[in-house]
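Participant: Each chain, letter by letter, is given below.
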Amino acid sequence: MAAPRRAAVRPKADRMQSFIHFESVSKNFGAAKVVDELDFHVGKEEFVSLLGPSGSGKTTLLMMLAGFERPSSGAIHLDGRRIEHLPPYKREMGVVFQNYALFPHMTIAENVAFPLKMRGVGAAERESRTLKALELVQLAHLRERKPSQLSGGQQQRIALSRALVYEPKVVLMDEPLSALDKQLREHMQLEIRELHRKLGLTVIFVTHDQSEALTMSDRIAVLNHGKIEQFDTPTGLYDRPRTRFVAEFIGETNLLPGTVESSRDGEKTIRMADGTGLTCRDASDFSPGASVMVSVRPEMMHVAGAAGENRIEATLDDCVYHGDHVRLHMHRGDIRLVAKAHRRDAQAAMGGAVGVSFRSDECTLVAP
Amino acid sequence: MIRQRLNACLLVAPLVVFLGLFFIWPLWAMLVTSVQGGTVRETFPQTAIALADWDGAGEPPAAAGDAIVADLRLEVPTERFGDSVRTLNSQYPGFRTLLPRTARAVREAPAGEKVDLAGIDPRWTDRALWLVMKRAMPAYTDANLLAALDLRRDDAGAIAAVPPEMAVNRATMTRTFVISAQVTLLCIAIGLPFAMITASLTGWKRNLLLVAVLLPLWTSLLVRTASWMILLQDNGLINQALLGLGIIDRPLALIYNRAGVLIAMTHVLLPFMVLPIYASLLAIPKNLLPAAAALGARPWQSFLHVLLPLAMPGLLAGSLLVFMVALGYYITPALTGGAGDQMISSVIAFYAIGTANWGMAGALGLFLLIPTTALYLVYGRLSKPAGAA
Ligand SMILES: Nc1ncnc2c1ncn2[C@@H]1O[C@H](COP(=O)(O)OP(=O)(O)OP(=O)(O)O)[C@@H](O)[C@H]1O
Ligand SMILES: [Mg+2]
Chain A
1 MAAPRRAAVR PKADRMQSFI HFESVSKNFG AAKVVDELDF HVGKEEFVSL
51 LGPSGSGKTT LLMMLAGFER PSSGAIHLDG RRIEHLPPYK REMGVVFQNY
101 ALFPHMTIAE NVAFPLKMRG VGAAERESRT LKALELVQLA HLRERKPSQL
151 SGGQQQRIAL SRALVYEPKV VLMDEPLSAL DKQLREHMQL EIRELHRKLG
201 LTVIFVTHDQ SEALTMSDRI AVLNHGKIEQ FDTPTGLYDR PRTRFVAEFI
251 GETNLLPGTV ESSRDGEKTI RMADGTGLTC RDASDFSPGA SVMVSVRPEM
301 MHVAGAAGEN RIEATLDDCV YHGDHVRLHM HRGDIRLVAK AHRRDAQAAM
351 GGAVGVSFRS DECTLVAP
Chain S
1 MIRQRLNACL LVAPLVVFLG LFFIWPLWAM LVTSVQGGTV RETFPQTAIA
51 LADWDGAGEP PAAAGDAIVA DLRLEVPTER FGDSVRTLNS QYPGFRTLLP
101 RTARAVREAP AGEKVDLAGI DPRWTDRALW LVMKRAMPAY TDANLLAALD
151 LRRDDAGAIA AVPPEMAVNR ATMTRTFVIS AQVTLLCIAI GLPFAMITAS
201 LTGWKRNLLL VAVLLPLWTS LLVRTASWMI LLQDNGLINQ ALLGLGIIDR
251 PLALIYNRAG VLIAMTHVLL PFMVLPIYAS LLAIPKNLLP AAAALGARPW
301 QSFLHVLLPL AMPGLLAGSL LVFMVALGYY ITPALTGGAG DQMISSVIAF
351 YAIGTANWGM AGALGLFLLI PTTALYLVYG RLSKPAGAA
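Chains as they are written, first to last, in my numbering: chain A, 1 to 368; chain S, 1 to 389.
Do not take every clue at face value.
[Unchecked claim] The calculated DSS-like cross-link candidates involving lysine-lysine, where the alpha carbons are at most 25 Å apart (straight line), are:
#, chain 1, residue 1, chain 2, residue 2
1, A, Lys146, S, Lys286
2, A, Lys90, A, Lys169
3, S, Lys286, A, Lys117
4, A, Lys44, A, Lys169
5, A, Lys132, A, Lys90
6, S, Lys286, A, Lys90
7, A, Lys227, A, Lys44
8, A, Lys44, A, Lys132
9, A, Lys44, A, Lys90
Think of the hints as simulated: they come from the structure by calculation, not from any bench.
So that you can see chain S by itself, here it is in the shape it has in the complex:
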């Protein structure tokens, strides 16, 4: 008995380790990053340690000066360095000139030699400057979480909205949900009839339709998106065909706008809608629809009262799946959308890759993770067999 259990545990152990290493731990790390002290702390890690024990009342510890020299000797991305300078400067005007000058001096000094900070600039002896520095690198902060929601703490420490010209995250987040919902509805509109037709056919016709759904899944996402870019251009196949047929006299704007995003994403996500619906349709006993007809139900009544309710679990599962996957989409909207069609993942990528602001990326990721997790729990409920519920 115990031996068997042990064996079972050993069998799943690789999976658990894999999940822990590549799923749970990154998630956790992302969450932690999002509440950690921010860019200034990252740029000056040793200074942060040196200032950690200082109560801010007396003189700053002597080690702090050496720490900041060591930190300035490190190679940091220019973007992050600039961010830090901006943050500090907003609290203590003067950092903008002070830090670059100090950094230059430190780097010019021979390695290993002690550098006299006060000699470089007398402002380094100002206690207020060190206090600003310490305040700018707290161990934990809600700054990123607030910023992700277009909020910040004002000088008094109260939560306030950021100036409207900087408030873009909420709009992007809303847009992400709107686009995902639109894509889900489009997938239902196309996927439900498609699944019904597929389920009603037999033999090679059914297989053909199933392959037509599955084939895109076996093709690279990038290839599919690129194909749409070619098809939807002003002189792409679709516009040329419509122009050639004389249906339109000016090319339709099908790409680099919302239409392009919806077309490409719907196509990419359609299998996730069709397959669950198809499976739930196959599970419907064959004689129910004839029975409904024999009992007096017109075709649309059979559909409404018998087919649709029985296909509903598949429809809901498919909708949640599509919606959840769509929330995280980033390449397809980036390639087929315009400036006003970018989704939250693009913003996350911008912070993570473009500015190395992992705290901000983590905070935005957290706000994407919360609804996704909630929907996943709903999905888990729905996909349970009816009897178990």
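Here chain A stands alone, though its shape is the one from the complex:
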């Protein structure tokens, strides 16, 4: 996926000193625990996405950071300072809301100048900084218009420019692109990335679109039921999911249930219920006797040649043409399997047996 491009940016996360720190933060609404004992760090100038299904607590997390919700317990640190008691207007964060939240009674220029005006910046400086912020999103020519006279994408960029104009330390975005169509969304993704790099921003970006998170982020926090399932780089999440939820939520996967038979030097032998043995070399530390699932990405399943140490037999149910590849739908007992293959490799007859193989270092073990 986006791995090669991201590799160049990665070291930033490594030299990370903690800039934002959530320290065992919980949030309850009545009896419902919406955010559950969260502990994580975000580094300076890092681009972090919060990814998770609806209701997983992403917005709540962001609102605690922005100051609209108080944590029920725990502490939030920004640049070494505790901020959870500060009102929103004292936090110096740029927030981009899902529906842009532009002020309808102000012109575009007035909208963008608003944060400066609130901070008592003088008129002359305000004007020049507003113009600069508008040029950043290439919309300076629309400055006399009202928000209602702009397209969705333009409003989005104005909201972004307004959040950036006072050079905040942190920019928070709650699903800022969800209202845009696919093409515009991809364009804006690139633009936001570009601004992030150019201005050295620390960005917390909420999304429920996994491909958006994968293409944009330095690191992704996968949230589920108010807990972080895994906080990792896009490649880390995709190649080494640590939980079944992550394996299934990010991309698509095949899950083969079994029991760990032996574990030596990171190499584990897994015995499936029908006696098939599989080997897996990953970072997980399941001890012998544990029941696990072997997670294999469809594109790591090879149907031609002997590409991996692990071989299983399956019955072909369907072969679906996707232009640049075909998807083979198979089953083995009651396990459903999917493989992505090149057209020339998909020669098996419908209902016939297929031999599938995968490498021991291209699969991961997750708890069932």
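Once you've looked at the hints, dock chain S with the ligands against the given chain A.
Facilitator: For chain S with the ligands alone, coordinates are given in the frame of chain A:
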């Protein structure tokens, strides 16, 4: 197509007829009355017709004598008769004795019999008297309009101010506008925070506040005003409570003065302020105030720069509504105010009901109608959606 149009016209026809009959026509009639010939003409309608063709140079027409006898036989309100006598007497001293004497004689004479006016009083043969009579009953006059503004025509026909002791209309008119403005400001001061609180609440709390605003609208105006009279008296609930708490040691004068008028009118008119503001607040997207806070606006800055401008159409609409309704108020100031707190509507009522001087009532009504109409046009502009403007 045509059929549909016709149907549509038929559907609105009852409304148009209703409006025409009970709104447009009375308004028009009022305007016409205010410029018509005045009380003398009303008291002597047949004489007016008889004298209409007389050029004033030759002898008065013979029919005039019979007409005035017929007019004197009519039952007219004593007030109006007195008014007419006064008007005529001011131009031709002698009418004060002449008319009552003639009227008595005419009424004593058997019905249908010809009455010899010159026999009753020789002054009836004086041409100058008939001329004064004719001049006192012109078909159209600006006397009422001028009088409504404390002006009149002097003997030379030029416009002049009436003597100061008779000039009360301008003061009353000014007072009407001042009281209306005061009530409007009070309604803003109470209604704006109230609407903001109501809009920020949800569920039963919001409904409770809305009912608290609406309930007065469902109660008779008279009942509400009477309640205030009870509450605000010297030994009413408020004064007794304040006295009991030792906050004051003499009852506050809360009624039969300006304070009473303002309290009662503000209460009565508050819904007209709260509801438009509330509606415009509800129309503000939910995320704008959080956005303002996130962008660094303190609460008062959010209020000043975001909430208030967006609520302004509602605030203006509410203010105009309250102001316009307040201009026409009459029962509440009459019951809760003192002599110096009466508004122009009371004066109009006095002329219309008390002295049957419809011309004067119409003229004052006209001067109340003009600003109200102007404000209504402004209101129509404001309440148009922003996009249509
Ligand atoms: N003010 C509130 N009162 C009660 N429950 C709330 C409140 N705000 C959020 N919740 C609950 O907290 C949970 C998490 O909400 P949150 O908005 O953080 O989810 P999310 O991850 O942003 O979801 P989505 O992708 O749908 O925006 C939900 O179950 C929601 O119903
Ligand atoms: Mg959300």
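Participant: Hint by hint, say whether it matches the structure.
Facilitator: Going down the list of hints, with the structure as the test:
| no. | hint | in the structure |
| --- | --- | --- |
| 1 | A:Lys146 to S:Lys286 | holds (19 Å) |
| 2 | A:Lys90 to A:Lys169 | holds (12 Å) |
| 3 | S:Lys286 to A:Lys117 | holds (22 Å) |
| 4 | A:Lys44 to A:Lys169 | holds (9 Å) |
| 5 | A:Lys132 to A:Lys90 | holds (24 Å) |
| 6 | S:Lys286 to A:Lys90 | holds (21 Å) |
| 7 | A:Lys227 to A:Lys44 | holds (23 Å) |
| 8 | A:Lys44 to A:Lys132 | holds (24 Å) |
| 9 | A:Lys44 to A:Lys90 | holds (19 Å) |
In summary, this structure violates none of the numbered hints.
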